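The lines below spell out each chain.
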Amino acid sequence: MPFSKVSGTNNAHKVVVYALSTCVWCKMTKQFLKDSNVEFEYIDVDLCEESEKARIREELQNKSGGLSYPTTIVDDKIVIVGFRKDKLKEALGI
Amino acid sequence: MTEITIEMVLKRAEADAQTYGYYLTPDPNLLQGLLEGLKVNEERYGYPSCPCRLASGKFEYDRDIICPCDYRDPDVAEFGACYCRLYVSKDVFEGKKELPTVPERRPLEKQSRAYMATSTSKAETAVGQTTVTVKAAEKEIAETKPKLWYCKQCGYVVFRDEPPYICPICKAKREMFAEIKTRIDFVG
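From first to last, the protein sequence lines stand for chains R and U. Heads up: the first sequence is residues 1 to 94, going by my numbering. Heads up: the second sequence is residues 1001 to 1188, going by my numbering.
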């Protein structure tokens, strides 16, 4: 399953959200980004194929040091674990 | 199989909260979202694993994250809420304390199992080092160390890693629990 893309006018940053389809905090993160018109990509890891999960695990663990959801990565360097409105606002300048 | 409804998931959570001295998260939208996640997981896996954690779909690997998870007691005691924040302390429920952010307490080795449980061979070819982690995870399952605890107020005895949040029988506080140190003497 590839990353899904949500378009937005606020597209100055590369924003990637690792999420679970069952997780309410992940949903809130996605909704907050949508409401703020932020362009982002997300992946619901629980809906991925088994073979993909292993790859995603590598990627997520390398980038964030953990396997928690939601993990939002801004510009490949700022890692935000959990739904942290304050940190998202700061990182995205919104 | 009987259909799982949100009401069933809610009733179970309420009953559990009452027995073990917790409260359900006071924000109705958050509560609804958490219950929906639990419902989906129960339909998907046959047990209500934590909606905020990735489950493997294998019961023996997911046992510790079936709601209420093994980490609820220490998380509510330390932060005032469990990891997903379905269960909260009295202070958080009454608004005396803000809903906290709760870091993941579940060991990374256990979390890793969800990424290889149903296709170990595939995972092995995809990522060489996962083989080691699988073995480490399997070893760890055998190494949990539950103890015997008793309630000094009513005598209730429980076998688990840590004492419960409150006594489910007489509602005594966690501090009322003491470990039972057993000693077996063989006299000839």
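Note that these hints are calculated values from the structure, not bench results. All values derive from a computational prediction rather than experimental measurement. Ideal Cβ placement from N, Cα and C applies to all residues, glycine included. It is possible that part of the hints are untrue.
Stretches of chain U that chain R covers, calculated by requiring three or more beta carbons in the stretch to come under 8 Å of a beta carbon on chain R [as the list claims (entries may be wrong)]:
1) 1028-1034
2) 1060-1067
3) 1163-1171
Straight line, CA to CA, 25 Å or less: simulated DMTMM-like cross-link-like pairs of lysine to aspartate or glutamate [said to hold, decoys possible]:
4) R:Lys63 x U:Glu1098
5) U:Lys1039 x R:Glu49
6) R:Lys85 x U:Glu1098
7) U:Lys1058 x R:Glu90
8) U:Lys1058 x R:Glu52
9) U:Lys1110 x R:Glu50
10) R:Lys27 x U:Glu1162
Taking the hints in turn, this is what the structure says about them:
1. Three residues within the 8 Å Cβ limit are the bar, and the segment 1028-1034 of chain U against chain R gives 3, so the coverage statement holds.
2. With 0 residues having a Cβ less than 8 Å from any Cβ of chain R, the segment 1060-1067 of chain U misses the three-residue criterion, and the hint is violated.
3. Using a Cβ-Cβ cut-off of 8 Å, 0 residues of the segment 1163-1171 of chain U lie near chain R, which falls short of the minimum of three, so the contact claim is violated.
4. Distance check on the hinted pair: R:Lys63 and U:Glu1098 sit about 30 Å apart at the alpha-carbon level, beyond 25 Å; violated.
5. Among the hinted pairs, U:Lys1039 with R:Glu49 is consistent with the structure: their alpha-carbon atoms are about 21 Å apart, no more than 25 Å.
6. With a C-alpha separation of about 15 Å, the suggested pair R:Lys85 and U:Glu1098 falls inside the 25 Å cut-off, and the hint holds.
7. Between U:Lys1058 and R:Glu90 the CA atoms are separated by roughly 39 Å; this puts the pair beyond 25 Å, and the hint is violated.
8. Under the criterion of a C-alpha separation no larger than 25 Å, the hint pairing U:Lys1058 with R:Glu52 is consistent with the structure, at around 18 Å.
9. A threshold of 25 Å between alpha carbons decides the hint, and for U:Lys1110 with R:Glu50 the separation of about 17 Å falls inside it, so the pair holds.
10. For the given pair, R:Lys27 sits about 33 Å from U:Glu1162 by alpha-carbon distance, which is inconsistent with the 25 Å threshold.
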